[in-house]
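Novice: Keeping their order, the protein sequence lines are chains R and B.
Heads up: the first sequence at position 117 corresponds to 117 in the working numbering, and the numbers run straight through without jumps.
Heads up: the second sequence at position 60 corresponds to 60 in the working numbering, and the numbers run straight through without jumps.
Fair warning: there could be bad hints in the mix.
[To be verified] Derived DMTMM-like pairs: lysine to aspartate or glutamate, alpha-carbon spacing no greater than 20 Å straight-line:
id: 1; chain 1: B; residue 1: 27; chain 2: R; residue 2: 164
id: 2; chain 1: B; residue 1: 26; chain 2: R; residue 2: 161
id: 3; chain 1: B; residue 1: 36; chain 2: R; residue 2: 126
id: 4; chain 1: B; residue 1: 36; chain 2: R; residue 2: 189
id: 5; chain 1: B; residue 1: 8; chain 2: R; residue 2: 164
id: 6; chain 1: B; residue 1: 43; chain 2: R; residue 2: 121
id: 7; chain 1: B; residue 1: 43; chain 2: B; residue 2: 13
[As the list claims (entries may be wrong)] Now the stretches of chain B that chain R is said to cover, found in silico as 3 or more residues with beta-carbon under 8 Å:
id: 8; region: 11-23
id: 9; region: 55-64
Just so you know, the hints here were simulated from the structure itself, not pulled from any lab data.
Just so it is clear, CB atoms sit at the ideal spot from N, CA and C, and this is done for glycine as well.
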Amino acid sequence: MDVSQQISKYLKKARVGIAGVGGLGSNAAVALARVGVGTLIVADFDVIEIGNLNRQYYFFHQVGLPKVMALKENIHQIDAQIRVVSHHVKLNQQNSILIFRDCDVLIEALDNAQMKQMFIETALSEWPYRPLIVGSGLAGWGKNEIIKVQQYDNLAICGDEMFEVSDSLPPLAPRVAVVANLQANAALEFLLKDFKFKNE
Amino acid sequence: MKIILNHKEETIDADTLTLAELIRLKKFTFRILVTKVNGRVVKAEDRDNIWIKDGDNVEVIHLISGG
Numbered sequence: 001m002d003v004s005q006q007i008s009k010y011l012k013k014a015r016v017g018i019a020g021v022g023g024l025g026s027n028a029a030v031a032l033a034r035v036g037v038g039t040l041i042v043a044d045f046d047v048i049e050i051g052n053l054n055r056q057y058y059f060f061h062q063v064g065l066p067k068v069m070a071l072k073e074n075i076h077q078i079d080a081q082i083r084v085v086s087h088h089v090k091l092n093q094q095n096s097i098l099i100f101r102d103c104d105v106l107i108e109a110l111d112n113a114q115m116k117q118m119f120i121e122t123a124l125s126e127w128p129y130r131p132l133i134v135g136s137g138l139a140g141w142g143k144n145e146i147i148k149v150q151q152y153d154n155l156a157i158c159g160d161e162m163f164e165v166s167d168s169l170p171p172l173a174p175r176v177a178v179v180a181n182l183q184a185n186a187a188l189e190f191l192l193k194d195f196k197f198k199n200e
Numbered sequence: 001m002k003i004i005l006n007h008k009e010e011t012i013d014a015d016t017l018t019l020a021e022l023i024r025l026k027k028f029t030f031r032i033l034v035t036k037v038n039g040r041v042v043k044a045e046d047r048d049n050i051w052i053k054d055g056d057n058v059e060v061i062h063l064i065s066g067g
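Given these sequences and hints, build the entire structure.
Specialist: Below, the structure written as structure tokens:
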């Protein structure tokens, strides 16, 4: 087996929880699926709208479907073996604890800052030692140089921590996908911490 | 007092102050923050009751809408 096959095999037992599968969550989920993460636990209450297609990993024919169901379909087009556990629900403190209780790594990919706060406070209080990867600041275009990852212990914050989505500063595919893939990459770093390549 | 604020040492011109006061003093203007003191989460409603002392480790995370 080459290294990427060994990584894929190693990641089969990994479980990643993703809170929100809009621009950040759908792109991060697909990246993790491609490298072989065995189980993705995803939660989102939203359905796909035409306006989401400028950045989210969905297709025209899926407009109107719950995002969590469409994401499962899309991931299975890449690899039918991946287990996608879909929760079509608006997250709150109580259901977050139940839905994500068995994850190795958590990705916070929610849209609204209040929801982010609720989820991060819940996750940090409930599972203080579990890796948590937060997305914060992705609106607009360009400004590659201010996008960053700040990682301390088990908490990583990906984004510019500055630009809020607004009418004049929309979320657009390139910058959203950069942050989403930084999140997926940070997740991979935690998951592969003890991975060792075997030269066979 | 000296504290660690967002992983950098800072000198604060006070012997002690609440977390809410520290946030105002440092002009963290974003509405939505997650705060941690010595590794433990402090929820927004508790920031007036948590006193920051010399040597404490404080983290303030800015949350920006968009996901």
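Novice: Next step is simple, just say for each hint if it's right about the structure.
Specialist: Hint by hint, here is what the structure shows:
{"no.": "1", "hint": "B/27 - R/164", "result": "18 Å, holds"}
{"no.": "2", "hint": "B/26 - R/161", "result": "16 Å, holds"}
{"no.": "3", "hint": "B/36 - R/126", "result": "14 Å, holds"}
{"no.": "4", "hint": "B/36 - R/189", "result": "24 Å, violated"}
{"no.": "5", "hint": "B/8 - R/164", "result": "25 Å, violated"}
{"no.": "6", "hint": "B/43 - R/121", "result": "7 Å, holds"}
{"no.": "7", "hint": "B/43 - B/13", "result": "25 Å, violated"}
{"no.": "8", "hint": "11-23", "result": "violated (count 0)"}
{"no.": "9", "hint": "55-64", "result": "holds (count 5)"}
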